[in-house]
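Residue numbers (the UniProt record's numbering), protein chains in the order written: chain F, 1 to 214; chain E, 1 to 214; chain P, 1 to 214; chain X, 1 to 214.
Hints are not guaranteed to be accurate.
Over 10 Å on every C-beta distance to chain E, these chain F residues come out as not near it, computed from the model [claimed, not checked]:
no.: 1; residue: Pro75
no.: 2; residue: Gln97
no.: 3; residue: Gln98
no.: 4; residue: Val110
no.: 5; residue: Phe113
no.: 6; residue: Glu203
Here are some of the chain E residues that sit facing chain F, going by a computed Cβ distance under 8 Å [what the hints assert, rightly or not]:
no.: 7; residue: Ala60
no.: 8; residue: Gly72
no.: 9; residue: Arg126
no.: 10; residue: Ile154
no.: 11; residue: Ala155
no.: 12; residue: Glu180
no.: 13; residue: Ser182
no.: 14; residue: Pro184
no.: 15; residue: Ala185
no.: 16; residue: Thr187
Output of the computed footprint for chain P on chain X, the stretches with three or more beta carbons under 8 Å from beta carbons of chain P [stated by the list, open to error]:
no.: 17; segment: 124–131
no.: 18; segment: 168–175
no.: 19; segment: 181–191
No lab work stands behind these hints, which were simulated from the structure alone. Think of the CB as a built atom: it goes at the ideal place given N, C-alpha and C, for glycine as much as any other residue.
Number of protein chains: 4
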Amino acid sequence: MARVLLTGFHPFGGSVVNPSWQAVSLVAADPPPGLTVSTARLSCAFGTALEELRAAVDRADPEVVVCVGEAGGRPGVTVERVAINVNDARIPDEAGQQPLDGPVVEGGPVAYFATLPIKACVAAVRAAGIPASVSQTAGTFVCNHVFYGLAHLIATERPALRGGFVHVPYAPEQVVDRPEPSLPAATVAEALRAIVTTAVSTETDVRSAEGAIH
Amino acid sequence: MARVLLTGFHPFGGSVVNPSWQAVSLVAADPPPGLTVSTARLSCAFGTALEELRAAVDRADPEVVVCVGEAGGRPGVTVERVAINVNDARIPDEAGQQPLDGPVVEGGPVAYFATLPIKACVAAVRAAGIPASVSQTAGTFVCNHVFYGLAHLIATERPALRGGFVHVPYAPEQVVDRPEPSLPAATVAEALRAIVTTAVSTETDVRSAEGAIH
Amino acid sequence: MARVLLTGFHPFGGSVVNPSWQAVSLVAADPPPGLTVSTARLSCAFGTALEELRAAVDRADPEVVVCVGEAGGRPGVTVERVAINVNDARIPDEAGQQPLDGPVVEGGPVAYFATLPIKACVAAVRAAGIPASVSQTAGTFVCNHVFYGLAHLIATERPALRGGFVHVPYAPEQVVDRPEPSLPAATVAEALRAIVTTAVSTETDVRSAEGAIH
Amino acid sequence: MARVLLTGFHPFGGSVVNPSWQAVSLVAADPPPGLTVSTARLSCAFGTALEELRAAVDRADPEVVVCVGEAGGRPGVTVERVAINVNDARIPDEAGQQPLDGPVVEGGPVAYFATLPIKACVAAVRAAGIPASVSQTAGTFVCNHVFYGLAHLIATERPALRGGFVHVPYAPEQVVDRPEPSLPAATVAEALRAIVTTAVSTETDVRSAEGAIH
Chain F
1 MARVLLTGFH PFGGSVVNPS WQAVSLVAAD PPPGLTVSTA RLSCAFGTAL
51 EELRAAVDRA DPEVVVCVGE AGGRPGVTVE RVAINVNDAR IPDEAGQQPL
101 DGPVVEGGPV AYFATLPIKA CVAAVRAAGI PASVSQTAGT FVCNHVFYGL
151 AHLIATERPA LRGGFVHVPY APEQVVDRPE PSLPAATVAE ALRAIVTTAV
201 STETDVRSAE GAIH
Chain E
1 MARVLLTGFH PFGGSVVNPS WQAVSLVAAD PPPGLTVSTA RLSCAFGTAL
51 EELRAAVDRA DPEVVVCVGE AGGRPGVTVE RVAINVNDAR IPDEAGQQPL
101 DGPVVEGGPV AYFATLPIKA CVAAVRAAGI PASVSQTAGT FVCNHVFYGL
151 AHLIATERPA LRGGFVHVPY APEQVVDRPE PSLPAATVAE ALRAIVTTAV
201 STETDVRSAE GAIH
Chain P
1 MARVLLTGFH PFGGSVVNPS WQAVSLVAAD PPPGLTVSTA RLSCAFGTAL
51 EELRAAVDRA DPEVVVCVGE AGGRPGVTVE RVAINVNDAR IPDEAGQQPL
101 DGPVVEGGPV AYFATLPIKA CVAAVRAAGI PASVSQTAGT FVCNHVFYGL
151 AHLIATERPA LRGGFVHVPY APEQVVDRPE PSLPAATVAE ALRAIVTTAV
201 STETDVRSAE GAIH
Chain X
1 MARVLLTGFH PFGGSVVNPS WQAVSLVAAD PPPGLTVSTA RLSCAFGTAL
51 EELRAAVDRA DPEVVVCVGE AGGRPGVTVE RVAINVNDAR IPDEAGQQPL
101 DGPVVEGGPV AYFATLPIKA CVAAVRAAGI PASVSQTAGT FVCNHVFYGL
151 AHLIATERPA LRGGFVHVPY APEQVVDRPE PSLPAATVAE ALRAIVTTAV
201 STETDVRSAE GAIH
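Using the sequences provided together with the hints, build the complete structure.
Now the structure itself:
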């Protein structure tokens with residue numbers, strides 16, 4: 001049984017739910033065949049989230065980690081390509097911190113690529129009938145912070161671990177009166193099942209055009 | 001048992017599914033308590049669609065008719081406010097017709113309002129946790145054509161009938177590799193159940209701000 | 001010299017400028033050859049705006065009236081096709097009024113079509129290198145209110161007058177820190193010159209596909 | 001007189017103009033006070049564009065280089081934060097090449113940050129009344145390729161040089177019949193003047209919240 005760690009986030013920005021945690025919980029309750037799925041719910045707070053992530057990795061000793069966060073406004077599930085070494089918060093995090101332009105890791109490289117087969121993951125989600133794409137930016141808030149921290153942990157301490165970040169749309173109940181795209185938690189959970197199954201079983205990523213013109 | 005007629009459309013524009021028919025079928029297979037739900041699948045063709053609608057109304061003798069169509073690009077379920085007396089086709093319909101600026105009904109009024117309680121319907125969909133809003137335009141293609149034809153039928157021949165039009169988003173499987181909003185058929189069906197239940201049971205629409213600045 | 005009346009609006013909703021008035025002023029300062037251009041700046045208030053419009057029409061005795069309003073979020077200049085008999089305000093107007101679902105004119109028809117050659121106007125704007133399209137809805141706020149009131153005035157009292165409504169994007173200076181489309185006042189003024197020149201000189205509108213699928 | 005090199009691109013993807021070159025040409029024809037502005041028009045082709053850029057840098061020996069490209073769909077001027085070491089082409093370039101997932105520079109770091117004061121540049125554009133923001137991704141096509149190549153040149157051979165990349169919206173004439181945001185070349189040129197003036201005169205970037213949630 002391959003061991004997978006999935007993380008989601010606490011609600012933030014006034015929402016009562018966070019679709020990342022909704023979906024992660026559904027996957028844990030009904031994991032894909034052959035996988036042992038652990039979960040952790042991270043605080044939406046710089047620093048704290050990374051401590052929680054490290055503790056969860058130590059506890060679960062996974063082969064694959066997929067961190068999941070909300071990307072309100074995106075219509076499909078997006079698999080992130082790259083984490084950058086910047087904390088630049090447009091709004092305060094849930095601890096009231098608002099870092100501007102400092103690094104995630106002092107002295108760390110400018111960026112890390114995901115060590116998941118991101119294109120194979122996108123293809124698997126689409127094969128399940130769910131919109132998906134590669135994203136070229138995870139932003140500069142707590143999601144990117146967690147993604148960079150995970151990648152740095154892998155690069156410096158756990159070379160056998162593979163990991164990445166997936167952004168998911170709003171849940172429908174978050175936007176009942178706003179013109180924003182959304183997908184139900186059950187749909188997003190199905191996408192995550194496809195992603196973790198693919199991540200565990202794929203050695204070499206597929207070659208396909210998933211870039212962005214700009 | 002109140003009698004409701006729901007209509008959807010055949011696929012068009014190269015799609016293999018039409019989310020309107022997917023959702024309507026699900027409602028018919030599992031109708032809301034107290035309602036008898038008939039369905040009709042209309043051609044996406046000027047003229048023909050209205051003949052099919054009239055035949056379905058004659059057959060079902062409903063108290064409420066809700067016609068449903070795809071509005072690719074809209075993120076939520078929209079209840080249409082007004083049908084206008086124009087056929088102005090940006091693309092050919094499935095019969096190859098492309099009328100430009102002629103009327104739906106020669107000599108008919110410029111427009112009809114829906115005779116559904118549109119704001120109560122929107123409120124009911126939102127209460128089910130699904131994004132919804134009032135739309136101020138059903139376009140100028142076959143959807144508006146059907147909506148206007150239905151309203152004209154009600155105005156001129158069936159004053160006791162109430163009817164309107166609901167636009168629904170793409171289904172996820174239609175847009176797996178495109179950045180377009182979507183909702184699964186099961187979610188849209190739940191929205192339609194809320195709409196028909198509300199339409200049958202609501203005499204006077206609620207007053208709420210669902211207008212558009214422009 | 002053909003007489004044209006152009007109207008714009010006072011700023012509303014917290015903006016310090018209204019791009020409709022900016023552009024209208026530029027046209028009046030440098031009118032197209034052969035046209036006498038009068039202007040009026042309307043209040044963004046239900047009722048009052050229509051009184052001001054009527055007074056301006058009486059004063060200018062124009063052959064063509066084009067009312068212009070801001071449509072924040074639209075990327076191009078849009079020529080409106082239809083005005084509907086509804087006041088349904090999402091936000092209060094500048095007088096603090098927020099009508100919900102009452103008519104513009106008690107007992108008036110559900111809608112009026114513009115009496116401008118809307119497709120020829122769109123073609124003329126595009127020929128000037130500026131994005132333009134036909135719009136199927138002017139909303140349900142003061143813009144639609146003015147458009148309907150103008151159309152009703154034409155239909156009931158001034159059959160020789162022709163008139164319509166044009167929505168214009170934000171001015172760049174309104175959205176310097178928001179991801180919203182905009183066009184400079186000079187560009188919008190050029191579009192309005194093309195529209196009024198076309199409206200005055202075109203008897204029969206062109207036939208072209210400018211409809212909307214939904 | 002400080003020496004600035006501005007680059008734009010040849011048209012691509014079927015367009016007859018490229019707004020980056022339009023704007024760069026206007027700046028060269030009417031440069032800001034105190035600056036000597038050189039220009040180069042780069043091919044929209046992997047590899048070739050970087051050779052042309054290197055030649056232009058050698059020729060102009062500038063203190064600041066700002067490469068400019070089209071970002072169709074973006075409503076404002078965006079100053080790029082980071083270039084990544086990936087060529088991943090969604091469409092072929094003008095030479096027919098379509099690299100998938102190879103690096104820009106074999107063995108180069110995952111990413112480089114711009115060495116311009118990006119936030120001061122954004123603030124200067126806004127102060128000129130023009131929409132602007134920091135962008136967290138320059139894509140994975142030729143624009144990112146040029147930006148990465150420039151940053152690599154600076155890092156490895158020209159440490160005194162400062163450089164970055166600016167993405168600009170469509171020109172209005174490119175999208176006359178499409179619902180896409182645009183800004184006229186004169187407006188974009190004014191933004192570029194603000195950027196190069198700021199880049200030359202600003203030692204330390206300002207601290208301001210220009211990050212992205214995702």
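Here is how each hint holds up against the structure:
no. : hint    : in the structure
1   : Pro75   : 4 Å, violated
2   : Gln97   : 32 Å, holds
3   : Gln98   : 29 Å, holds
4   : Val110  : 27 Å, holds
5   : Phe113  : 22 Å, holds
6   : Glu203  : 24 Å, holds
7   : Ala60   : 31 Å, violated
8   : Gly72   : 12 Å, violated
9   : Arg126  : 4 Å, holds
10  : Ile154  : 29 Å, violated
11  : Ala155  : 31 Å, violated
12  : Glu180  : 6 Å, holds
13  : Ser182  : 6 Å, holds
14  : Pro184  : 6 Å, holds
15  : Ala185  : 11 Å, violated
16  : Thr187  : 6 Å, holds
17  : 124–131 : holds (count 5)
18  : 168–175 : holds (count 3)
19  : 181–191 : holds (count 5)
In the structure shown, a violation is registered for the earlier hints numbered 1, 7, 8, 10, 11 and 15, in ascending order.
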